[in-house]
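Peer 1: Here are the chains, one letter per residue:
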Amino acid sequence: MNDDEVEARLRDALRQFAGDAPPGVSMLTTVTTESARRGRRVRLAALASGAAALVAIGAAVPFALRGAPPALVAAPSSPASPAPSSPASPVPSSPARSVPVPSATAWFSARPATLVAATVPPSLVFPVSPPTGGGYGTPMISLTADRLTLFQTLPTTASVTVTVYDSQPPAPTARSRATQAVVAGRAATVYEWAWSDDDQTNPDSSPRVSLVWQPSARTWLRLDADAGTAVPLLIAYAEALKPGGVKAETPFTFTLMPSGWTVDDISPAVVTFAPPGTDPTAGFLFKLVVQLDEEPGLQPKFAGPSTAGVRVGERQAWLTTTPEVQFLQVPVDGGRSLILQVSPAAALPQDVLLRFAAGIGVTPSAQVSHG
Amino acid sequence: MQIEFTEFVHGRSQGLLRFAYLLTGDRHLAEDLVQEALVRAHRRWSGIVGEEGPEPYVRKTMLRQYLSWRRRRSFAERPIAELPELATADPAARVAETGAMWVLLRTLPRSQRAVVVLRYYEDLPDAEIARLLGCAESTVRVHAFHALKKLRAALASDREAAPAPGGRS
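Here the protein sequences line up with chains A and B, keeping their order. Residue 1433 is where the first sequence starts when you use this note's numbering, and the numbers rise one by one after that. Residue 23 is where the second sequence starts when you use this note's numbering, and the numbers rise one by one after that.
Keep in mind that the hints are not guaranteed to be accurate.
[Stated by the list, open to error] Which bits of chain B does chain A cover? Going by a derived footprint, with three or more residues having C-beta under 8 Å, they are:
#1 33-39
#2 48-60
#3 132-143
#4 149-155
[To be verified] FRET-style restraints, in silico, Cβ to Cβ:
#5 A:1565 <-> B:50: 35 to 43 Å
#6 B:164 <-> A:1598: 51 to 59 Å
#7 B:145 <-> A:1540: 35 to 43 Å
#8 B:86 <-> A:1600: 42 to 50 Å
#9 A:1649 <-> B:29: 19 to 27 Å
#10 B:75 <-> A:1448: 27 to 35 Å
#11 A:1452 <-> B:150: 42 to 50 Å
#12 A:1727 <-> B:150: 42 to 50 Å
#13 B:147 <-> A:1668: 55 to 63 Å
#14 B:150 <-> A:1435: 46 to 54 Å
#15 B:50 <-> A:1437: 26 to 34 Å
#16 A:1741 <-> B:86: 45 to 53 Å
#17 B:68 <-> A:1741: 38 to 46 Å
If you are wondering where the hints come from, they were derived from the structure by calculation, not from laboratory data. Beta carbons: idealized from backbone N, C-alpha and C, even for Gly.
Excised from the complex, chain A in its bound form (with noise of 0.2 Å):
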């Protein structure tokens, strides 16, 4: 047999088993979640520094969460009630460059669209209440890629995240061990699992910990800890949490949001907002992101030189588009601004863009954005 034929045989067993390879199906969902899950220890650390305003709201809130809507947030803000908790002052008006921005992109080719009364939750009420004190950091309650999130850290510093769900959550990988636990009476399953071997986050490859139960009949919940974890301290984490749930504020109010897109993420200084057809992700990328930035505005934060100034409500803003994102910052009360980005995916016809800005107002609660 010389190498040609060994050669023809290599090349029909690679393309006849390529065909068993995995169809990969939640890829998309379990990327972007898992991409969110290692950036959020970084930004809760920014963080920190702030109150999370949270609030206890007693035992009367129901676990019954994301089959029963209405209860998973307070009611949305009326449409017709003022936006901004914090209205913008004008500010002292400053030469607004009107230079060219480039054209042929998505920003001058975005689709008619339509502002409707927004339907942003003014807070996110999570189920359950973690406990506090003892070491316990301050919790962040979050909407991540359309699921309830509570990040916490422990007194030993590692950190745990708690998902809801409304049916039982699949294993975190195809891999991961289960076995079975009890949580306050209650079956559970603990996967052991790992990214992979190489994973940067677990540099000591001790296996991954996630907590699998049900602690009411509409309710799941999903506890994920850092690599090496111990279980008997994930089950005490679990059973430390009671009934009666907590509640933190949307940072933004808003007045009005384009016809048929979805909030997927709401966290203490972000907003997302994701085009109709986009699938949940925890990222900013492929939609409309409201962020609280530190600084003032009264200067462009992204000069460039398609930069141009723009008038959002009152107030003086600025509009910097390139081909692949947009921003527009609003300066706001308190010396902050508002950012809103625009990947090419969420693009406005830019006066729907400016009437939607219009409409924001910032909370007490919202907390400057670091990336």
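Go by the hints and put chain B onto chain A.
Peer 2: For chain B alone, coordinates are given in the frame of chain A:
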């Protein structure tokens, strides 16, 4: 226009999974390999979508992980100590031999297997393979030479051991 992450995942994840499966020989490991590479790509997306697009970055990440698994000795897939016996030397049993070739591939060191997959499945030139693996072209040729030599020896050995057509078994 710059490619978007969702578009990339929807459009390329199947190809990446096939590539990963041929490298690892394991469906679960293949998923892990692709997921990890995509997570890293997602976290630095704006920095990697240059003129050549994100795929070279993702493939390099996959290859680096795949090869580092070996170095850490913690990869679940274990090398096969002995070459497997081929199913048959009967020329009519091409399908069976294809399966045997798949098993033989698992006996190759990972660097050789990576070169084999890139050269004979992806049809990449040696210069491109060298760039992805971060080695010299001569190294690629050496890996390919040893891989082919080992596979040819195993196939030839089996043919010699098999009974001749019409002979007694």
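Peer 1: Determine for every hint whether it applies to the structure shown.
Peer 2: Comparing the hints with the structure gives:
Here the stretch 33-39 of chain B counts 3 residues with a CB under 8 Å from a CB of chain A, which clears the bar of 3, and the coverage holds. Residue count for the stretch 48-60 of chain B with a Cβ under 8 Å from a Cβ of chain A: 11. That meets the three needed, and the coverage hint holds. Under a criterion of three residues with beta carbons nearer than 8 Å to beta carbons of chain A, the stated coverage of the stretch 132-143 of chain B is upheld, 4 such residues being counted. Under the rule that three or more residues need a Cβ within less than 8 Å of chain A, the assignment of the stretch 149-155 of chain B is violated, with 0 such residues.
Distance hint check: the CB atoms of residue 1565 of chain A and residue 50 of chain B are about 42 Å apart, consistent with the given range 35 to 43 Å. Our hint of 51 to 59 Å for residue 164 of chain B and residue 1598 of chain A holds, since their Cβ atoms are close to 56 Å apart. Restraint check, residue 145 of chain B to residue 1540 of chain A: a C-beta distance of roughly 40 Å satisfies the suggested window 35 to 43 Å. Distance hint check: the CB atoms of residue 86 of chain B and residue 1600 of chain A are about 35 Å apart, inconsistent with the given range 42 to 50 Å.
Evaluation of the 19 to 27 Å hint for residue 1649 of chain A and residue 29 of chain B yields a failure: the beta carbon distance comes to about 40 Å. For residue 75 of chain B and residue 1448 of chain A, the hinted distance range of 27 to 35 Å is satisfied, since their beta carbons lie about 28 Å from each other. For the pair residue 1452 of chain A and residue 150 of chain B, the beta carbons lie near 26 Å from each other, so the given range of 42 to 50 Å is not met. With their beta carbons about 45 Å apart, residue 1727 of chain A and residue 150 of chain B fall inside the hinted range of 42 to 50 Å.
For the pair residue 147 of chain B and residue 1668 of chain A, the supplied restraint of 55 to 63 Å holds, since their beta-carbon distance comes to about 57 Å. The supplied range of 46 to 54 Å is broken by residue 150 of chain B and residue 1435 of chain A, whose beta-carbon atoms lie about 21 Å from each other. For the pair residue 50 of chain B and residue 1437 of chain A, the supplied restraint of 26 to 34 Å holds, since their beta-carbon distance comes to about 33 Å. A hinted range of 45 to 53 Å for the beta carbons of residue 1741 of chain A and residue 86 of chain B is consistent with their spacing of about 46 Å.
Taking the beta carbon of each, residue 68 of chain B and residue 1741 of chain A are about 26 Å apart, not inside 38 to 46 Å as hinted.
Hint check: violations occur at hints 4, 8, 9, 11, 14 and 17; the rest are consistent with the structure.
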